[in-house]
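The listed protein sequences correspond, in order, to chains C and X.
Taken in order, the first sequence gives residues 1 to 135; the numbers are from the working numbering.
Taken in order, the second sequence gives residues 1 to 615; the numbers are from the working numbering.
Keep in mind that the hints are not guaranteed to be accurate.
The following label-pair restraints were derived from C-beta to C-beta distances [stated by the list, open to error]:
| no. | chain 1 | residue 1 | chain 2 | residue 2 | range |
| --- | --- | --- | --- | --- | --- |
| 1 | X | Ala473 | C | Met1 | 12 to 20 Å |
| 2 | C | Met1 | X | Arg318 | 53 to 61 Å |
| 3 | C | Pro95 | X | Thr436 | 45 to 53 Å |
| 4 | X | Ser389 | C | Tyr108 | 16 to 24 Å |
| 5 | C | Pro123 | X | Ser389 | 27 to 35 Å |
| 6 | C | Ala83 | X | Gly323 | 48 to 56 Å |
| 7 | X | Ser468 | C | Glu130 | 18 to 26 Å |
| 8 | X | Phe552 | C | Ala83 | 46 to 54 Å |
| 9 | X | Gln377 | C | Arg73 | 27 to 35 Å |
Just some of the chain X residues that point at chain C, by a computed CB distance under 10 Å [to be verified]:
| no. | residue |
| --- | --- |
| 10 | Gln395 |
| 11 | Ile398 |
| 12 | Ala402 |
| 13 | Glu406 |
| 14 | Ala435 |
| 15 | Arg517 |
| 16 | Phe549 |
I should point out that these hints are in silico values taken from the structure, not numbers from a laboratory.
Beta carbons are placed, not taken as given, at the ideal position from N, Cα and C, and that holds for glycine.
Below are the chains, spelled out letter by letter.
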Amino acid sequence: MNLLLAEDNLPDALLLKEAVAQEDLPVRFYVESDGEKAIEFIARAEQDPAAPSPHVALLDLNLPKVDGFDVLRRIRGSARFSAVPVLVVTSSDSPADRKTAAELGARYFRKPASYSDFLKIGPFLRSFLEEHGLL
Amino acid sequence: MRAFREIPIRQKLMAIVMASTAAALLLAGTGIVAFDSFLYRRDLERDLSALARIISDNCTAALTFNDPRVAADTLNALRARTHVVAACVLGLDGSAFARYSRQNANAGCPQSASADRTSFAAGGLVVSRAITLDGHRLGTLVMLYDLGEISERTRLLGLTVLGVLLISSLLAWLLSSLLRGVIANPISQLVSATTSVSVTSDYSVRVPKTSGDELGQLVDRFNEMLASIESRDRILRTALQERGEALRDAERARERFRFMAESMPQKIFTAAPDGSIDYFNRQWVEFTGVEFEQLTGERWTRFVHPDDLEENVVVWRRSVASGEPFLFQHRFRRADGAWRWHLSRAHAMRDAEGRISMWIGSNTDIHEQKEKEQELQRANDDLQQFAYSASHDLQEPIRNVAVYSEIVLRRYHSVVDEDGRQFLGFLAEGGRRLATLVDDLLAYTRAGVLESGATRISASAVLQNALSNLTEAIRESRATVTFEPLPDVFIGEAHLHQLFQNLIGNAIKYRGEDPPRIHVSAERQGSYWRFSVQDNGIGIDVQYREKIFGVFKRLHHDRKYSGTGIGLAICQRVVDRYGGRIWVESIPGKGATFFFTLGGQASEVEARTLESAAG
Chain C
1 MNLLLAEDNL PDALLLKEAV AQEDLPVRFY VESDGEKAIE FIARAEQDPA APSPHVALLD
61 LNLPKVDGFD VLRRIRGSAR FSAVPVLVVT SSDSPADRKT AAELGARYFR KPASYSDFLK
121 IGPFLRSFLE EHGLL
Chain X
1 MRAFREIPIR QKLMAIVMAS TAAALLLAGT GIVAFDSFLY RRDLERDLSA LARIISDNCT
61 AALTFNDPRV AADTLNALRA RTHVVAACVL GLDGSAFARY SRQNANAGCP QSASADRTSF
121 AAGGLVVSRA ITLDGHRLGT LVMLYDLGEI SERTRLLGLT VLGVLLISSL LAWLLSSLLR
181 GVIANPISQL VSATTSVSVT SDYSVRVPKT SGDELGQLVD RFNEMLASIE SRDRILRTAL
241 QERGEALRDA ERARERFRFM AESMPQKIFT AAPDGSIDYF NRQWVEFTGV EFEQLTGERW
301 TRFVHPDDLE ENVVVWRRSV ASGEPFLFQH RFRRADGAWR WHLSRAHAMR DAEGRISMWI
361 GSNTDIHEQK EKEQELQRAN DDLQQFAYSA SHDLQEPIRN VAVYSEIVLR RYHSVVDEDG
421 RQFLGFLAEG GRRLATLVDD LLAYTRAGVL ESGATRISAS AVLQNALSNL TEAIRESRAT
481 VTFEPLPDVF IGEAHLHQLF QNLIGNAIKY RGEDPPRIHV SAERQGSYWR FSVQDNGIGI
541 DVQYREKIFG VFKRLHHDRK YSGTGIGLAI CQRVVDRYGG RIWVESIPGK GATFFFTLGG
601 QASEVEARTL ESAAG
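Produce the complete structure using the sequences and hints provided.
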């Protein structure tokens, strides 16, 4: 299972990978460090059958160049990947952001400031994938 | 007959009495005369018949002996009867045997057809009598008796009757003159009373009752009728008088209102119950530069900004239909063409029956405040955006410090010594606290900003939402949260969410030995709702009841009650922003109840703020 992670903060990317590894989820990470690169990844997958296709996407919101919601909109606007489950993983606690994510059909996970809390994203992701029939 | 109908009752009564008296007397008189005449004639006939028999008996001898002289003497005895005109004794051959005639009368023997007969002839009554002796007829006696006696008697009787008639009539006239008053007077009095009532409208007159008969009853009924009309008239007069006074009062009140409205610095209007505006004060005329007549009815809408007009009309009609107060912010065009923001409000005045009698409204120029408010809103929006970005951008490095010091502490546990582990622990803890502080500061910033999305929201729904965020804490502490149905309130959803989450979070955090029992309820207090969050926790000492609402104010420093000391400050700020109040009542060791009030209409709160700013 291919997981597209759009995250510019390396420490967070590592933490996410660790949470996934601890939960022992069968996913392969494709990490893009800005919004533009994430969109390019999707475009490649749409055009090139040989390129990896995302089965699930984890998006940070505050990304360089193009922000996470634009990446999310690109996915929802895609012919092939509009139904891909998306989880917004962000430091933001803004109600507006939560609302926008919900409107675009994405789940929301706020990054916590403690290691054990952060690792909770593992079980959260597992149930999320199960909900979408990916596990 | 028609003429008779027209004459007064008095004369009518007289005429009736006189006519009936005369008719009765006339009839009686005629009857008496006729009967008397009949009796007299019968007696006369008998008398004459008896006389004839005597005479004829006395003449028997004279005829037998053929001695006319004796017969003549016998006849001469008739002198005593002055009305015997002539008498003859006739022989069997019909020739006169003897004769008698009254002095001065030279009558021949009266003609007689047969004997023993009495008949009226032209000259008078003729009596014939056969003169017989032992059954043999000797001759015939014939007498003529004039009717002068009868005529005279009849004349006398007629005169008597006439005299009686005259005297009776006179008596009847006198009596009826005296008695007609019995009937005519009450009627006249009734007539004069009705005339007086109809002319003067004075219903206090009464007709004196003089008899117990139908006329008396008529007088009684008439008096009763007058009394009833009089009392109704009095009630009507009183009602009219009161109405007149009420109208004068209303006019005075109107005058007073006009005077007040004209002298107010604010724009004032009034509307009919159907919502059509019927009055604008002088300030309106000065503001718009047009005459009063060009504003009334629906004409004022020409001065409302086109962007505001549609909603304005909808909101106004809604108020008019429901009777709810009207409250609206809109722009009006000034005489120089400038659009000025106004805050308009109107309240329905109701009469004793609760029906709307009129609307009274004011329009306050809030243009400067509105502009400042808009500036402030922009500044707020900017600040809010900045706060979010700052918070977000701060969170990332803080999180890295906190999380990674924790990772180092776990993964490289054996590499660092005891001091190193402690210091790494400080780093992790400090980072977490810093992250919480940044979050709380953001929340505190947001609490002071009026969200433009303050709408009517269900407090129950927001409470459920807040509870779902606290699921973990509720489960861990084995807390029970109960709540009553909560009302709809006007507040930003995030703000109410914050209130519930902080207060219930505190109730869980500051728990005692027993599992927390928390109860949320709301109670209407005038135009406000008073919410309460009650717990069975450790409570708060009375001296700290004010202090706890300050920023960074905490009562506990042990790890058990961790926190930044900003939660209640946020609550205070939110409630302040909506014109409400927050306070706590507590018995230390037994629990605490936090109360806060919120208006049912956030717009009312906003309007009050704006108006007080506009002075």
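Here's how the hints hold up against the structure:
no.	hint	in the structure
1	X:Ala473 <-> C:Met1: 12 to 20 Å	violated (34 Å)
2	C:Met1 <-> X:Arg318: 53 to 61 Å	holds (56 Å)
3	C:Pro95 <-> X:Thr436: 45 to 53 Å	violated (18 Å)
4	X:Ser389 <-> C:Tyr108: 16 to 24 Å	holds (18 Å)
5	C:Pro123 <-> X:Ser389: 27 to 35 Å	holds (31 Å)
6	C:Ala83 <-> X:Gly323: 48 to 56 Å	holds (53 Å)
7	X:Ser468 <-> C:Glu130: 18 to 26 Å	holds (21 Å)
8	X:Phe552 <-> C:Ala83: 46 to 54 Å	holds (48 Å)
9	X:Gln377 <-> C:Arg73: 27 to 35 Å	holds (28 Å)
10	Gln395	holds (4 Å)
11	Ile398	holds (6 Å)
12	Ala402	holds (5 Å)
13	Glu406	holds (4 Å)
14	Ala435	holds (3 Å)
15	Arg517	violated (28 Å)
16	Phe549	violated (23 Å)
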